[in-house]
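Chains as they are written, first to last, in our numbering: chain V, 5 to 297; chain G, 84 to 408; chain Z, 40 to 345.
Hint data in this document are derived by calculation from the structure and do not stem from the laboratory. A couple of the hints might just be wrong.
List time: in silico DSBU-like cross-link candidates among lysine-lysine, alpha-carbon distance up to 35 Å [unchecked claim]: (1) K186(V) x K340(Z); (2) K127(V) x K186(V); (3) K340(Z) x K127(V); (4) K161(Z) x K340(Z); (5) K161(Z) x K263(Z); (6) K263(Z) x K340(Z).
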Amino acid sequence: MSALALPEAAPRGRSLWRDAGRRFAGNRAAMASVGVLAVIALSALAVPWLSPYSRDAIFWDLMAAPPDLAAWHPFGTDTNGRDLFVRTLHGARISLMVGTVATLVSLVIGVTYGAVAGYLGGKVDALMMRLVDILYALPFLFFVILLMVVFGRSILLIFIALGAVEWLDMARIVRGQALSLKRREFVEAARVLGVPSLVIVRRHIVPNLLGPVVVYATLTVPRVILFESFLSFLGLGVQEPMASWGVLISEGARSIDTAPWLLLFPGACLAATLLALNFIGDGIRDALDPRDR
Amino acid sequence: MRSTRATAEPPLLDVADLRVDFATPDGPVAAVRDVAFQVMPGDRLGVLGESGSGKSQLFLALLGLLAPNGRAIGRARFAGQDLLALPAAALRRLCGDRIAMVFQDPMTALNPYLRIATQLTEVLTLHRGLDGVSARRAAAAMLARVGIAEPERRLALYPHELSGGMRQRVLIAMALLCEPELLIADEPTTALDVTVQGQILALLQDLPLTQVVITHDFGVLAGFCNRALVMYAGRVVESGPVRTLLARPRHPYTAGLLRAIPRLDQPARRPLATIPGQPPEPAEAGVGCAFAPRCPIAVARCRVERPAPRTVDGEVTVACHLAAS
Amino acid sequence: MLSYALRRLAGAVPTFFVIVAVSFFLVRLAPGGPFDQARRLPPAIEANLQRAYHLDEPILQQFTRYLGGLLRGDFGPSFKYHDFSVTELIWGGLPASLTLGFGAMTIAVLAGIAIGLTAALKRNSRLDHLVMAAAMTGIIVPSFVVAPLLSLVFGIYLRLLPVGGWRGAASAVLPIVTLALPQIATIARLTRASAIETLGSPFVRTARAKGLPDVQVMIRHVLKPALLPVLSYLGPATAGILTGSVVVEQIFGIPGIGRYFVQASLNRDYTLVMGVVVLYASLIILFNLAVDLLYRVLDPKLGRAP
Numbered sequence: 005m006s007a008l009a010l011p012e013a014a015p016r017g018r019s020l021w022r023d024a025g026r027r028f029a030g031n032r033a034a035m036a037s038v039g040v041l042a043v044i045a046l047s048a049l050a051v052p053w054l055s056p057y058s059r060d061a062i063f064w065d066l067m068a069a070p071p072d073l074a075a076w077h078p079f080g081t082d083t084n085g086r087d088l089f090v091r092t093l094h095g096a097r098i099s100l101m102v103g104t105v106a107t108l109v110s111l112v113i114g115v116t117y118g119a120v121a122g123y124l125g126g127k128v129d130a131l132m133m134r135l136v137d138i139l140y141a142l143p144f145l146f147f148v149i150l151l152m153v154v155f156g157r158s159i160l161l162i163f164i165a166l167g168a169v170e171w172l173d174m175a176r177i178v179r180g181q182a183l184s185l186k187r188r189e190f191v192e193a194a195r196v197l198g199v200p201s202l203v204i205v206r207r208h209i210v211p212n213l214l215g216p217v218v219v220y221a222t223l224t225v226p227r228v229i230l231f232e233s234f235l236s237f238l239g240l241g242v243q244e245p246m247a248s249w250g251v252l253i254s255e256g257a258r259s260i261d262t263a264p265w266l267l268l269f270p271g272a273c274l275a276a277t278l279l280a281l282n283f284i285g286d287g288i289r290d291a292l293d294p295r296d297r
Numbered sequence: 084m085r086s087t088r089a090t091a092e093p094p095l096l097d098v099a100d101l102r103v104d105f106a107t108p109d110g111p112v113a114a115v116r117d118v119a120f121q122v123m124p125g126d127r128l129g130v131l132g133e134s135g136s137g138k139s140q141l142f143l144a145l146l147g148l149l150a151p152n153g154r155a156i157g158r159a160r161f162a163g164q165d166l167l168a169l170p171a172a173a174l175r176r177l178c179g180d181r182i183a184m185v186f187q188d189p190m191t192a193l194n195p196y197l198r199i200a201t202q203l204t205e206v207l208t209l210h211r212g213l214d215g216v217s218a219r220r221a222a223a224a225m226l227a228r229v230g231i232a233e234p235e236r237r238l239a240l241y242p243h244e245l246s247g248g249m250r251q252r253v254l255i256a257m258a259l260l261c262e263p264e265l266l267i268a269d270e271p272t273t274a275l276d277v278t279v280q281g282q283i284l285a286l287l288q289d290l291p292l293t294q295v296v297i298t299h300d301f302g303v304l305a306g307f308c309n310r311a312l313v314m315y316a317g318r319v320v321e322s323g324p325v326r327t328l329l330a331r332p333r334h335p336y337t338a339g340l341l342r343a344i345p346r347l348d349q350p351a352r353r354p355l356a357t358i359p360g361q362p363p364e365p366a367e368a369g370v371g372c373a374f375a376p377r378c379p380i381a382v383a384r385c386r387v388e389r390p391a392p393r394t395v396d397g398e399v400t401v402a403c404h405l406a407a408s
Numbered sequence: 040m041l042s043y044a045l046r047r048l049a050g051a052v053p054t055f056f057v058i059v060a061v062s063f064f065l066v067r068l069a070p071g072g073p074f075d076q077a078r079r080l081p082p083a084i085e086a087n088l089q090r091a092y093h094l095d096e097p098i099l100q101q102f103t104r105y106l107g108g109l110l111r112g113d114f115g116p117s118f119k120y121h122d123f124s125v126t127e128l129i130w131g132g133l134p135a136s137l138t139l140g141f142g143a144m145t146i147a148v149l150a151g152i153a154i155g156l157t158a159a160l161k162r163n164s165r166l167d168h169l170v171m172a173a174a175m176t177g178i179i180v181p182s183f184v185v186a187p188l189l190s191l192v193f194g195i196y197l198r199l200l201p202v203g204g205w206r207g208a209a210s211a212v213l214p215i216v217t218l219a220l221p222q223i224a225t226i227a228r229l230t231r232a233s234a235i236e237t238l239g240s241p242f243v244r245t246a247r248a249k250g251l252p253d254v255q256v257m258i259r260h261v262l263k264p265a266l267l268p269v270l271s272y273l274g275p276a277t278a279g280i281l282t283g284s285v286v287v288e289q290i291f292g293i294p295g296i297g298r299y300f301v302q303a304s305l306n307r308d309y310t311l312v313m314g315v316v317v318l319y320a321s322l323i324i325l326f327n328l329a330v331d332l333l334y335r336v337l338d339p340k341l342g343r344a345p
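Extracted from the complex, chain V is given alone in its bound form:
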């Protein structure tokens, strides 16, 4: 090879991640949140081992009963006599699943769209971003509700609809990054040295995109989960017998004066999950780009 070595972005990228990892580990709120999230996720997976009851089993003599650890009802039962603990954990499954899948959908759409627009630049980019601007002004919530109303409540539709709502910001971020990276000196240097475009993209552009994308994806998950809970609360979310937190909270809200635990437990779980995800997202962002706050 020539005496001039290619400005190697990869090693710099690695040590950046390691630095970031150390910073993240020092962020107490973020680390605690990882713990909380792990507990929730593991519990959701391990439901059969945590409780002997099923999601639909009705305890005819225990309608809206308060929490009772001895009888294996740590969260009590709902107005239909079903064990709240199990239903809450099933709700966790739904939320986490919807959160991850819908975020992945928005990630795929957003990153592709943004990377193409940013890399191609020029008129294509202008047009694509104009489209994004138009879509940005739409109140997506209402469209999603419209979709739910029109096409019925299928979980697949929810995945796609929610993912389609969130990709806009991702596209903007990715496109911005792609544009600025394209002009950076090390990309020009690589091009001048004859490195093929694809290699440039893979070795120089993608690692630098990863940071903001990861941060944004982590912050999108709670938004999607919230959105889904919102839909379920209104009665437009997942169908019975699947129990989403939104549905549980909606039921709980109705019985708040007589059985407050029906709202408190799923509500607390939802709030905890959202908070944890946000702290983790903030933590990743601070770890990758520490700024005096």
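Given the coordinates of chain V, work out where chains G and Z should sit on it, guided by the hints.
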């Protein structure tokens, strides 16, 4: 207009044992340590140093303009009062009135959301109690004095509608409105084009007041100042009359800086002289002379014992074990 | 300036068109029709109804008819409440929703800015951390969790406020507060960050070097630059309040547009759903435009040239 050192007069500004600390998550960091100097009426003091030498923080401390995590200890007597001991309200009365400061970057030192007129008249309204009309008139007169044509029209403009040189003039005008006794200019020419630099310096030259110019430019020092203070790593390493300093620098750092200036009378092929290494981070407070790691004449003593400033030849103060007496 | 406004308005037209078109065709694509009820109607009557609602015309014609109606402010008849037009229904729900919306926005802006500025001035103190943690929670915890909790505490345990309905000023308190909370939190965070950045600006240092007292520095030099980003946020904030009102009206039983929307969704009352969507989208677009124009007027750096 130069005045010779009138030793019978009291100094206008007398700083002793000044220390500026910043509280950081990693512990306190000293930006300025053990600084002492005097400014006589009529002096043009040049404060020389690299970025990070503490030269700006020194004067920000005197005016109470440090960042919230900063703290200044020591004594700084101005016209009989200790600036560091004054209550905030009293200090504010002095600022803009008897002591004025002009900051570095005219692009950002003016509020982009307010018209020039507002930013000028508020000084007069505050310190002189002038009403709007009189204040505006005085502001226009001052703008004319600093060399801005059509001052009335310019008053109505926003900062971004003026050129860099004009903005710097506005900043100077703003500082002069209350006819201060002491003007401190932090790198007044650094952000400007070379031609404009000359104009600004000429403007400052004509002002009959005591000035302190913070700079890293020897040209400014030589052409404008009568006394100089050289700072390194938060301490004063040399001070004295400019002529003496330029002709015969006592401290190896000063000498190194002078050597590093490219000269027209040297052969073009000669490599540029530099001072090897980097100035220490403010957080690294070691023992011994801070310059020792980079000093060409350092000896063992330099690394373990910090040199105290001492007077040499009557007029020059230097902090070096090896400075000739 | 005026030509800029007109240009932006013109630019908003395609957006509006897209919204209407998407809503319309989505609704028409729905399986089943508005008249699929438990009771099967005789074919002749059903045909008559179809004709009365223009559902027998080609779809493009229906679309043009709908657009024409929109321009006249007519959203068409409600498919569920056969005696009412959508316009009438929306008009009926407007007072309650407007009260909630304006009330929440006003409180959000005033409280949010006040809290944000205080936190910025007392940066990194205990108070600051406490306030920011509370703000974080306010943003995260969904309104449909907060609302019942507030009802429980203030309505049932403390018996201070009514838990629902829309009678008298007291019944507006809880809904407005619930609606405002996430916005207060967001605005507070935004104001704090912006104020901290402005306070660190060189021109603030210049102002202080002139001897200006802190109060004057804040009001004359800091306030405007610090609050401009908050102004920019008001557009999305409106969208947020509109969205939030859907839940709040549902929970507190407020007879506003948001609740109509939910009911209409569950009843498959397509025109009503569409009407609300078009209305909200227009509001958001208009509001964003107004904020944008206001920003241009207030920021001298952007220049006045159209």
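Going down the list of hints, with the structure as the test:
1. K186(V) x K340(Z): Roughly 29 Å between the alpha carbons, so the hint for K186(V) and K340(Z) holds.
2. K127(V) x K186(V): holds (16 Å)
3. K340(Z) x K127(V): holds (28 Å)
4. K161(Z) x K340(Z): Measuring from Cα to Cα gives roughly 29 Å; hence the hint holds.
5. K161(Z) x K263(Z): Status holds; Cα separation ~19 Å.
6. K263(Z) x K340(Z): holds (13 Å)
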